[in-house]
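Trainee: Keeping the supplied structure of chain A fixed, place chain B upon it in accordance with the hints.
Chains as they are written, first to last, in my numbering: chain A, 8 to 175; chain B, 8 to 175.
Possibly wrong hints are sitting among the right ones.
Since the list gives no way to pick one copy over another, a pair counts as held whenever it fits inside one copy or between any two copies.
[As the list claims (entries may be wrong)] Taking lysine to any residue and the SDA-like style, the derived pairs with C-alpha atoms no more than 25 Å apart in a straight line are:
hint: 1; residue 1: Lys87; residue 2: Glu125
hint: 2; residue 1: Lys171; residue 2: Asp156
hint: 3; residue 1: Lys70; residue 2: Thr154
hint: 4; residue 1: Lys70; residue 2: Tyr159
hint: 5; residue 1: Lys100; residue 2: Arg50
hint: 6; residue 1: Lys87; residue 2: Trp172
hint: 7; residue 1: Lys171; residue 2: Leu29
hint: 8; residue 1: Lys87; residue 2: Val41
No lab work stands behind these hints: they were computed from the structure.
Number of protein chains: 2
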Amino acid sequence: MAAWRKGERGFMSIEIERKFLLNGNAWRTLGSPVLYRQGYLNRSKERTVRVRTAGEKGYLTLKGISRGIKRREYEYEIPKADADAILRDLAEKPIIEKTRRRIEYKGLFWEIDEFSGENQGLILAEVELDSEDQKIDRPPWIGEEVTHDPRYYNSNLVLFPYTKWDLK
Amino acid sequence: MAAWRKGERGFMSIEIERKFLLNGNAWRTLGSPVLYRQGYLNRSKERTVRVRTAGEKGYLTLKGISRGIKRREYEYEIPKADADAILRDLAEKPIIEKTRRRIEYKGLFWEIDEFSGENQGLILAEVELDSEDQKIDRPPWIGEEVTHDPRYYNSNLVLFPYTKWDLK
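Chain A on its own, in the form it takes in the complex (with noise of 0.2 Å):
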């Protein structure tokens, strides 16, 4: 989430990012595991409305239209107990569940994703850019780039999760 401004309560910021396959189990020695849960409350094209926990900290996010790579973004902190008592009774099912990683590598940080639910067994890397065009050192265990295949989108695991794919 680069250039982002610091609001009262929250923030604005335009996100890049590109997301990857992994490639081998080194990362899985690196960087502190968080548990995230997270659902939606929109998942229009026009829009989406998130709700998130991770760790002990409760997050409601809104997004708007992706252009090329990158999209408007909007996120406020709200209380862990707001959060999940939203997951449980007003978000859209299932909820998604992963154990995030963030590492840094010479100089960029990336996110690793281990999802868990009705995602289990897809693993994916994202990384964080300040402009589309930005080169990037790619860590040994980062894999096959998948930045613009729907399938891999959040919002799309709720509704085609990963352990439904081959019985397409």
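Mentor: Same frame as chain A, now just chain B:
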């Protein structure tokens, strides 16, 4: 918005309210009018997500399914500038605009909303209650009850604004 518990940055509440048309113009001399602008990021039956500006403040509000006149609600304050940008770029159009007066009458708070824009001409009063069977003293400027008429739900005033009702 009765029975709320204060959260770190917002609150969860059960909303119990009744809605009325107005009678005469005596209410116009009461309260301090504040401009509200609001739009929806989701208007489904299961969940609504609303962004609102009230004077110089901004809010994000999530509501669940209505059960009778009760409805679970989560509200969070966000920066006014974010709310303006979300209304402009992300919310479904048209935006609802209204001038709200908050008036105390015999121990209860009444909110009178005078709509502008696409709902020009519509004036509604809402009263917030602590329980479904609470007795209310009707102020003399309160007219017909419309609590259960879906045309008057705020979320429906986006799809079918008041100025178009007689065209149906």
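Trainee: Which earlier hints turn out false for this structure, listed by number in ascending order?
Mentor: Result: hint 6 breaks, nothing else.
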